[in-house]
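Chains as they are written, first to last, in numbering that gives the first Met the number 0: chain A, 0 to 241; chain B, 0 to 412.
For the record, the hints were derived by calculation from the structure and aren't laboratory data. Please note that a few of the clues may not be correct.
What the hints assert, rightly or not - Now the in silico label distances, taken between C-beta atoms and shown as ranges: (1) R41/B with D168/A: 53 to 61 Å; (2) D168/A with N341/B: 31 to 39 Å; (3) D314/B with Q177/A: 42 to 50 Å; (4) S118/B with E107/A: 58 to 66 Å; (5) D59/A with P326/B: 45 to 53 Å; (6) P108/A with E38/B: 18 to 26 Å; (7) A401/B with L201/A: 23 to 31 Å; (8) T71/A with E356/B: 13 to 21 Å; (9) T71/A with R295/B: 31 to 39 Å; (10) R74/B with A113/A: 42 to 50 Å.
Note that the structure is a prediction, hence the values are computed from the model and not measured. All C-beta atoms, glycine included, are put in the ideal place defined by N, C-alpha and C.
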Amino acid sequence: MSSTLKIEGLRVEVAGKEVLKGLNLTMHSGEVHAIMGPNGSGKSTLAHALTGHPGYRVLDGSVTIDDAELLTMSPTARARAGLMLVLQQPFEIPGVRSFDLLIAAGAEPATLRARMLEEARRIELAPELLDRFVNVDLSGGERKRAELVQLGVLRPKFALLDEIDSGLDVDALDVVAQRLMAATTEWNCGVLAITHFRRLLLELTPTMIHVMSDGRIVAIGGPELAVTLERDGYDIFRSTPA
Amino acid sequence: MNAFAESASTFIDDRPDAAARRRAWSIFESTGLPTTSDEVWRYAPLGDLGLERFEVPSAPASAPDSAFATQLCQRAGLVIRVVDGFCVSTGDLLEGVSVEIDESNDSLTGESLLHRYESDTFAMLNAALAPSATVIRVAAGVNVAEPIVVLNESTAGASFPRTQIVVGRGASVTVVEYFEGGGDALVVPVSEYRVDDNASLRLITYQRLDASAWHIARTTGFITRDARLHQAIIGLGAHYDRSRNDAELVGAGASNELRTTFLGSGDQVHDFRTRQFHVAPRTTSTLLSKGAVADRSRSVYTGLIEIEKGAKRTDARQTNHNLLLSPAAHADSVPNLEIRENDVMCAHASTVGPLDELQCWYLESRGVSREDAQRLLIQGFFYEMLSALPSELAELVESDVASVLANVAVVTS
Numbered sequence: 000m001s002s003t004l005k006i007e008g009l010r011v012e013v014a015g016k017e018v019l020k021g022l023n024l025t026m027h028s029g030e031v032h033a034i035m036g037p038n039g040s041g042k043s044t045l046a047h048a049l050t051g052h053p054g055y056r057v058l059d060g061s062v063t064i065d066d067a068e069l070l071t072m073s074p075t076a077r078a079r080a081g082l083m084l085v086l087q088q089p090f091e092i093p094g095v096r097s098f099d100l101l102i103a104a105g106a107e108p109a110t111l112r113a114r115m116l117e118e119a120r121r122i123e124l125a126p127e128l129l130d131r132f133v134n135v136d137l138s139g140g141e142r143k144r145a146e147l148v149q150l151g152v153l154r155p156k157f158a159l160l161d162e163i164d165s166g167l168d169v170d171a172l173d174v175v176a177q178r179l180m181a182a183t184t185e186w187n188c189g190v191l192a193i194t195h196f197r198r199l200l201l202e203l204t205p206t207m208i209h210v211m212s213d214g215r216i217v218a219i220g221g222p223e224l225a226v227t228l229e230r231d232g233y234d235i236f237r238s239t240p241a
Numbered sequence: 000m001n002a003f004a005e006s007a008s009t010f011i012d013d014r015p016d017a018a019a020r021r022r023a024w025s026i027f028e029s030t031g032l033p034t035t036s037d038e039v040w041r042y043a044p045l046g047d048l049g050l051e052r053f054e055v056p057s058a059p060a061s062a063p064d065s066a067f068a069t070q071l072c073q074r075a076g077l078v079i080r081v082v083d084g085f086c087v088s089t090g091d092l093l094e095g096v097s098v099e100i101d102e103s104n105d106s107l108t109g110e111s112l113l114h115r116y117e118s119d120t121f122a123m124l125n126a127a128l129a130p131s132a133t134v135i136r137v138a139a140g141v142n143v144a145e146p147i148v149v150l151n152e153s154t155a156g157a158s159f160p161r162t163q164i165v166v167g168r169g170a171s172v173t174v175v176e177y178f179e180g181g182g183d184a185l186v187v188p189v190s191e192y193r194v195d196d197n198a199s200l201r202l203i204t205y206q207r208l209d210a211s212a213w214h215i216a217r218t219t220g221f222i223t224r225d226a227r228l229h230q231a232i233i234g235l236g237a238h239y240d241r242s243r244n245d246a247e248l249v250g251a252g253a254s255n256e257l258r259t260t261f262l263g264s265g266d267q268v269h270d271f272r273t274r275q276f277h278v279a280p281r282t283t284s285t286l287l288s289k290g291a292v293a294d295r296s297r298s299v300y301t302g303l304i305e306i307e308k309g310a311k312r313t314d315a316r317q318t319n320h321n322l323l324l325s326p327a328a329h330a331d332s333v334p335n336l337e338i339r340e341n342d343v344m345c346a347h348a349s350t351v352g353p354l355d356e357l358q359c360w361y362l363e364s365r366g367v368s369r370e371d372a373q374r375l376l377i378q379g380f381f382y383e384m385l386s387a388l389p390s391e392l393a394e395l396v397e398s399d400v401a402s403v404l405a406n407v408a409v410v411t412s
């Protein structure tokens, strides 16, 4: 079944300052979209606002998956509606094991262990790390892989990746990109990747690239846009104040 | 009519060693119960105790084991049963381990208990009214593979269990002191542990008394050269739960790890006091105290690290984290340092606060409900403490703790 994620006119405030100023984006299941933009353009704000982070206040706009409005939902309900965020800096949860987290998130207990092991194998995460408390005593790269184990088990309709490439070396990046690419066909997962760098998009081939500047999407294009960005930088896309 | 004094008098008269007991009783009578103006007891609702209502039993009542106690015993190599302070079974023989009933009033240090704990009114009551000490000795060099369980059941009235554990040179053992029962009862345990040179004692004290019980406990560890005492204390039960835990690091290279954990609900009070007394050089103590208070419950953690002159290169650390699960709950943290030596490492840290909002959001963003996220975080808060338990016990204790946590309400302000 194909789903649609639609963001319309999204305005978000952080600590009293408007960071997203009317953002629009539409994507479908099985597609890979990338959001690229300079530091401070609002990329991470978008990721946090979509998933209901308590520090972000939505001023206006709409975010829907198949016409169900997410912005009025609790973070839990948004996740259950099919949106999952892979964090740039995943939280440590001392004393909580991934297994128990995933059970509480709705995973099937009988098959969970096997599925975690399978996902760990595919993402090249040492299986013994699955037994650690969530993200505790894991390196930056291991945390990203552990997040992808959760993703593979929970199979959201749309995966939102906030700078998945930070803290990953080139080999790890390829493994992660390949796993995500596979997800787009395995369960028709839509992938929305927020990134600074083109490197991720060599393996994770985007259907569309959105260039973000000052809280808005200022350009849309195909994969070739990433090449332009790498060569010329973001300056040509910066929105000029009216 | 003072049921306590009368039954105590009868109890003492019936014992063979009545003289020492009478001396302890007279110390109690002359000092009386402490009051909240006494710094050491300032958080104790002793005005509500009503000591005179508790009868001292002349013999143990019969007490059925809980399902948890049964499971715990199945995992033990040796089970010692104590009912209302009376040792009713010293269990089967276990190689290298002896269990004796000792009616003397001796401390493991060789002094009299009366002398050692003279300033502690409740310890004096234990000296007067404990039927006996249950003394567990592990012979030198013996590694006891399976845990020893001391199962303390309390029925009603006042009971005074006394446990003494001696781990001989180079020996190692795990002991669980478990407390249950105690509806409308007063339970006053005194425990002592002596860990001889290069020996290791892993100790778990699990207190699951009825929510109406008064529990006033004192433990003291004596740790000699290169010996290790790893102690986990978990207090879930009792109306007033007082747990004073001392360690004396008297041999060079001795180490003490102490993890204390409590959960308060209703109008419970958890009152934990610790004292790490470093006498010898190169001794280490690591103390981690974590507790959560819900409803109108309150807790106080008072920790003292004391380092004697000459205890060079001592390393002592104390950490206390308190979780507030309701705006009406309250936690106090009072760390103290007394250092009479310069060449030492010493650190303490404490926090008091509600569940972490962002950790909660992280779990919710995976599709975990808010309620489950809170439950997982509270469980996690405790599981971190339980992770030190030996693997054969960890799962059992975790699920028992989880069953208690399941009934705790989280109220955010």
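Structure-based check of all given hints:
{"no.": "1", "hint": "R41/B with D168/A: 53 to 61 Å", "result": "holds (57 Å)"}
{"no.": "2", "hint": "D168/A with N341/B: 31 to 39 Å", "result": "violated (46 Å)"}
{"no.": "3", "hint": "D314/B with Q177/A: 42 to 50 Å", "result": "holds (47 Å)"}
{"no.": "4", "hint": "S118/B with E107/A: 58 to 66 Å", "result": "holds (59 Å)"}
{"no.": "5", "hint": "D59/A with P326/B: 45 to 53 Å", "result": "violated (33 Å)"}
{"no.": "6", "hint": "P108/A with E38/B: 18 to 26 Å", "result": "violated (51 Å)"}
{"no.": "7", "hint": "A401/B with L201/A: 23 to 31 Å", "result": "violated (46 Å)"}
{"no.": "8", "hint": "T71/A with E356/B: 13 to 21 Å", "result": "holds (20 Å)"}
{"no.": "9", "hint": "T71/A with R295/B: 31 to 39 Å", "result": "holds (35 Å)"}
{"no.": "10", "hint": "R74/B with A113/A: 42 to 50 Å", "result": "violated (28 Å)"}
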